[in-house]
Amino acid sequence: MRRSIFAVALAALALAAGTAGAADVKMAYVGEISGSIAVSGGNFRDGVILAVEEINARGGILKEKIALTLYDTQTNPGVARSQMQKAIDGDPYVILGPIFSGNVKVTLQMVQQAEIPDFIGGEAAELTTLGSAYLFRTSFGQQIGMPKIANYIRDELKAKTVALIWVNNDFGKGGRDKLMKELAARNIKLVADVSTESGQVDFAADVVKLKAANADAVFVYSNEEECARIMREARKQGLKGPFVGDTTLLSQKTIELAAEAANGVVGHVGLTADAPIPAVTEFAQRFQKRFNYKPDHNGIKGYTAVYAVKYVTEKKIGKFDRKALAKIMHGLTITPQEEPGILMETTWDNVGEIDRISFLAEVVNGKQNISKVLPKLGK
Amino acid sequence: MADILQLLVAGLATGGIYALVAVGFTLLWQTSQTINFAQGEFVMLPAFFVLIAMGYFGLPFWPAVAVGGAVSVVVLGLLFKKWMVDPMIRHGVLPLVIATIGLAILMKEMVREFYGADAWPFPALAATTDVAVLGAVFSVQSLIILAISLAVVAALQFFLNGTRTGRCMQATAQNPTVARLLGIRVDRMILYTFLINGALVWVASLLITPIYLAKFTNGEWLGLYAFIAAIIGGFNQVRGAIVGGLLLGVVDNFAAAYISSQYRTAIPLMILIVVILFRPQGLLGRVEERTV
Amino acid sequence: MKNRRLAAGIVLAAAGVFLLVAPWGLKPYGIFILSMWAVMTIAAIGLNLTLGYAGQISLAQAAFVGIGAYITAWLTTRGWPFWPTYIFGGVSCFAVGWVLGYPALRVQHHYLAFVTLAFNTLVFLIFRNEEWLTGGIYGISNVPRPGVLGLSLNSPLAFYYFCLAHLALVSAATWWLIRSPWGRAFVALRENPIRALSLGVDTRRYTLVAFALGAGLGGISGAIYAPLVQFVDPTPFALGLSLNLLLMVVLGGSGYFFGPFLGAIVAVLLPEWLRFTQGYYLMGYAVLVILLMAFSPTGLLGLADRLTRPARRRTAGAAGVAPAAAAEGEGVR
Amino acid sequence: MSAILQVRDLRKSFGGIVAVDGVSFSVAEGEILGIIGPNGSGKSTLFNCILGQLAPSGGEVHLDGRPVTGMRPCDLNRLGVSRTFQLLQIFPQLTVRENLILAGQEHQGTMLGRLVGPRDAGLGAAAERMIGFFRLEHLADEHAGDLSYGQQKLLDVAMAFMAGPRLALLDEPAGGVNLTMLASLRERLRAINAESRSTFVVIEHNMEFVMALCTRILVLAEGRVIAEGEPAAVRSDPKVIEAYLGHS
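Chains as they are written, first to last, in our numbering: chain A, 1 to 379; chain B, 380 to 671; chain C, 672 to 1004; chain D, 1005 to 1252.
Just so you know, the hints here were simulated from the structure itself, not pulled from any lab data. Take these hints with a grain of salt, some might be off.
Stated by the list, open to error - With a straight-line cut-off of 30 Å between C-alpha atoms, the simulated DSSO-like cross-links for lysine-lysine are:
#1 C/Lys698 x A/Lys319
#2 A/Lys367 x A/Lys63
#3 A/Lys289 x A/Lys26
#4 A/Lys160 x A/Lys376
#5 A/Lys65 x A/Lys289
#6 A/Lys376 x A/Lys65
#7 C/Lys698 x A/Lys65
#8 A/Lys240 x C/Lys698
#9 A/Lys327 x A/Lys160
#10 A/Lys189 x A/Lys294
#11 A/Lys189 x A/Lys158
#12 A/Lys209 x C/Lys698
#13 A/Lys315 x A/Lys65
#14 C/Lys698 x A/Lys26
#15 A/Lys63 x A/Lys316
Unchecked claim - If you anchor each label on the Cβ, the simulated ranges turn out as follows:
#16 B/Val653 x D/Leu1119: 21 to 29 Å
#17 C/Arg749 x A/Asp193: 26 to 34 Å
#18 B/Tyr435 x C/Trp847: 54 to 62 Å
#19 C/Trp847 x D/Glu1199: 32 to 40 Å
#20 A/Ala212 x C/Ala836: 38 to 46 Å
#21 B/Val653 x D/Asn1043: 40 to 48 Å
#22 B/Asp465 x A/Asp24: 52 to 60 Å
Using N, Cα and C, we set each Cβ at its ideal position, and we do this for glycine too.
So that you can see chain A by itself, here it is in the shape it has in the complex (with noise of 0.2 Å):
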């Protein structure tokens, strides 16, 4: 009994003391760096980390060095929530990610409150119709993405029907609810649509039912892992494809998993660091350097945002103000010229979606190859 007591008063004095520790200019990172969307979470991360490196080294955002910390969300909602709120506690200048769709949801309001500009990863289309005016993407939402790729497989693969696969999270069911809706508008049919886990293993039975469907093309959507795993499993069973995907079916982690089933994969990529664009290169080039693997577009998501903060702030405001920031950015466009941090020119509207140039890739002998850019709706 007494034993208990003191653990008690040991643990909240640690509480108390635990939340300390003032810096420069604050920055958050909360985020998936554990759990099953640990990958993408990790690279975005690690884009950050870059970023912030860069810019310390040059002396930091106008004259003040960037103090990051980093707040695991374990790709769960609940501690999404707590992390968030611990991480508003500390009173960021901007917060960065969450990268899982479903985790932003469920944050996005206590940032909002907050009134702390928030660069999110998340993909899901619903997120930016949420009424936010602090809430920013760093790719492209689904609504945007479905579109190009609807468009891609009647007019380059010439489908008539489709095999959909999958995660059934808030990205996956996001991302399959608009898209079904775009290959009804372009009537091609849907003649299988298969839901699985997110962090399943075995897909035996689920690429049995692509087979019985054999569609002029299969659609793969689901988180980098699990694709590796359903091309493993798809080429152990023989099905043939053609395999259509967005940008997880042809990320860097993706390929390097699922090895040489994973050739022949085409689809549509919002951003990837093979982008036929020197910037961009270099970029990997440098991200390959300090944390020796190669970065998928999660990692580009979190360097360029970071980089938005810094031009924004030092070209357009001129102090630390949150608030300014979050009025200017949107409606705003960002170009290399301007800021090469940004890598690519960026536009964001006025309910933080964004807009950039975007890719039609192939995986050829394990490497993806861009072979279109597809330019920004704007233009």
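Position chains B, C and D against the provided structure of chain A, taking the given hints into account.
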């Protein structure tokens, strides 16, 4: 038809692996009343032993596999018994159960901390080509997995029934006291079962990881399915574990394909509940007579 | 004995005072964690009744926390007042727990563990898949916080005291329960069901009650969890939490009244304190569990008890930890 | 004298082994019946079948002429039938007093009543009396687990009488009890029998003890009754001697 055949083969392949894991599980239970909640992690780990042997010590694949096997048998067999089971079993079944839950956490966290939270590709034992039979395309990999796991289990069965040591082990399993009276070196026999378990999980790991990819969370479902297989088949029967494993793999696949992929995990669990409630000794198990 | 009691009393009083003033130094997050501690402790107390006192292992406590949380979230977001939903949550968990208790009459120990484990996973799948009811993976957000006697509990501090009050209430009730003849019957059930049966103890009914009460407390803790986090989704109620609660109870000392409090501290508060240890914390936690099971199956309090109690022969009747006598009872009505 | 307990042709077999093979006997109100027999002659199994601890394979058990075959032990116990076990069975984590209260609490009031009612279920006084009766005063608040074996044995018996049973089945009450303790135990049992006219059935190996305590003796061998009667008569019965010698 072709689908059904393919599902059957795929199911049997995964089922074979469940069987391997479940057999080890029941062996431990029989000889030492050990319920190993970390059995799933036991399967997750050997793959990383191999990866480490390749990555850090630059061994080629097959030698690394051998090293992995040795390490598994020592760490997951010998040390597991000496450092965990022996000091704890005297407290009864439950403390050990809880300790193995702790062990599961420990293993996962160590892999995550020292190797990484990502999934890692793992070389396949055999080329990933397919063969077409009766219109159905089977992957050589599935067939090989099935073949190997069945071969291993068969070998084990032969060992248990056909050799003196094996029969001693069974005697130990059935009644340690009597076995001791018969002059069987019970402790050694128990140790053997732990070593065998170490080897079994190693094989399972090699078979499953090329498909699942090496990740620290791989054990979670595998362990659970092994339990289910073991209980369905009969907790005190090696044969039972095999049947249970194969059955589970097939049922799981057909359920996912024809009932609901959203509820696929539910079906095995329901079977489990039904079996426990209405045939606690399992499909092939025998009733353990108890008196007051 | 006498001054042991006295010391305990003083320490308890100190603890009470501490819990009252602690949040004043804390940011919202710190308060949130303390509140979470209170909520989890309630759930653990419930499990302690089932496991620690009645000796029935259950791996379904998370499911009950979930059911309670979902009921409250679902109803309050549809305009119901808090209290009815709260009671409804607790009662329905009690009922479900009662039903889940029936397997416990047929099977024991590890088999029971697997039945409850399966139940937990099934419940999780329902939360996850029945979107029309539970909101599926999107969950239920914006769960309102209740007001008490007209004053709002929206501030973290106010809600912390709300949770604390609950904990106090539950503790008091449990304290009464285990001191009543029921508590005695539970212990009898745990230590030697056969003998208990021969003394007229209706072990069947007490087993069901033990399950139902544990479940009911799980439901109550869930009913508070929902407005605390203000968002309910399936993830937290997976098997993981059940295992965690089990570890909390065993770690603190199953069968000891204050076991769950201590266990919850180790599982909920300590990680915050030891944040700097990052991934190593869980490893340490795991190692601690293993060591305790090897050297003191009755948990930290069992250890403390042994150390402070004047040296005497204490027959090993490890609380909730399959004492030899109880093992004999397997399979007997 | 009316028979309080009647056992008719009771059988129990485990798999192939027949442990109890058609045993019949009856016990009259107020008598002390001893059951003896070599190890493995089915004595304890017989008890367990009578008391519903095990489901008998065949035969009937009647209490006051009412069939109670296979009735659950707790219900039977509430009808006033209590027992002790061959291996001593107490609750080491409870104090002596609480062991005794537990033994009585389920015999009165409703379940809910026990929850809201007083801690000692109104049995404090009764427990005190029982403690005094078995001379355990100085140990009343000790954990039962801390008692000596003999003391635990006394407690075990005391629990059997806590609820004032009309019929008590004692399985080797003298087993492992030292001589002084043995004397007091026997004299306690006699006292209870005299005071409350309650009826005993006693399984015992200790011949002195049985012969001195019991009014009638039943001899079991290989699951069958081979002899029955006055202690003296039984002692000199050749079948009995044979049965014992045959096994020792």
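Verification of the supplied hints:
Note on lysine 698 of chain C and lysine 319 of chain A: the hinted pairing holds, with a Cα-Cα distance of about 27 Å set against a maximum of 30 Å. Between lysine 367 of chain A and lysine 63 of chain A the CA atoms are separated by roughly 41 Å; this puts the pair beyond 30 Å, and the hint is violated. Taking the CA atoms of lysine 289 of chain A and lysine 26 of chain A, the gap is near 26 Å; set against the 30 Å cutoff, the hint holds. Using a Cα cut-off of 30 Å, the hinted pair lysine 160 of chain A and lysine 376 of chain A holds, with the two alpha carbons roughly 27 Å apart.
Of the supplied pair hints, the one linking lysine 65 of chain A and lysine 289 of chain A holds, its CA atoms being roughly 23 Å apart against a limit of 30 Å. Annotation: proposed proximity of lysine 376 of chain A to lysine 65 of chain A is violated, straight-line Cα distance about 34 Å (limit 30 Å). The straight-line distance between the Cα atoms of lysine 698 of chain C and lysine 65 of chain A is roughly 25 Å, inside the 30 Å bound, and the hint therefore holds. For the hint pairing lysine 240 of chain A with lysine 698 of chain C, the CA-to-CA distance comes to about 56 Å; that exceeds 30 Å, so the pair is violated.
At most 30 Å may separate the alpha-carbon atoms for a hinted pair to count; lysine 327 of chain A and lysine 160 of chain A exceed this at roughly 45 Å. As the CA atoms of lysine 189 of chain A and lysine 294 of chain A are separated by approximately 37 Å, the hinted pair breaks the 30 Å bound. At roughly 12 Å between alpha-carbon atoms, lysine 189 of chain A and lysine 158 of chain A fall within 30 Å of each other, so this suggested pair holds. For the hint pairing lysine 209 of chain A with lysine 698 of chain C, the CA-to-CA distance comes to about 52 Å; that exceeds 30 Å, so the pair is violated.
With a C-alpha separation of about 17 Å, the suggested pair lysine 315 of chain A and lysine 65 of chain A falls inside the 30 Å cut-off, and the hint holds. With a C-alpha separation of about 17 Å, the suggested pair lysine 698 of chain C and lysine 26 of chain A falls inside the 30 Å cut-off, and the hint holds. With a C-alpha separation of about 16 Å, the suggested pairing of lysine 63 of chain A with lysine 316 of chain A holds against the 30 Å cut-off. Checked against the given bound of 21 to 29 Å, the beta carbons of valine 653 of chain B and leucine 1119 of chain D, roughly 35 Å apart, lie outside it.
A hinted range of 26 to 34 Å for the beta carbons of arginine 749 of chain C and aspartate 193 of chain A is consistent with their spacing of about 31 Å. Under the hint 54 to 62 Å, the C-beta atoms of tyrosine 435 of chain B and tryptophan 847 of chain C, about 59 Å apart, fit the expected range. The hinted range of 32 to 40 Å is satisfied by tryptophan 847 of chain C and glutamate 1199 of chain D, whose Cβ atoms lie roughly 37 Å apart. At roughly 58 Å, the beta carbons of alanine 212 of chain A and alanine 836 of chain C sit outside the given window of 38 to 46 Å.
For the hinted restraint 40 to 48 Å between valine 653 of chain B and asparagine 1043 of chain D, the CB-CB distance of approximately 42 Å keeps it satisfied. Between aspartate 465 of chain B and aspartate 24 of chain A the beta carbon distance is about 56 Å. The supplied range of 52 to 60 Å therefore holds.
In summary, the numbered hints that this structure violates are 2, 6, 8, 9, 10, 12, 16 and 20.
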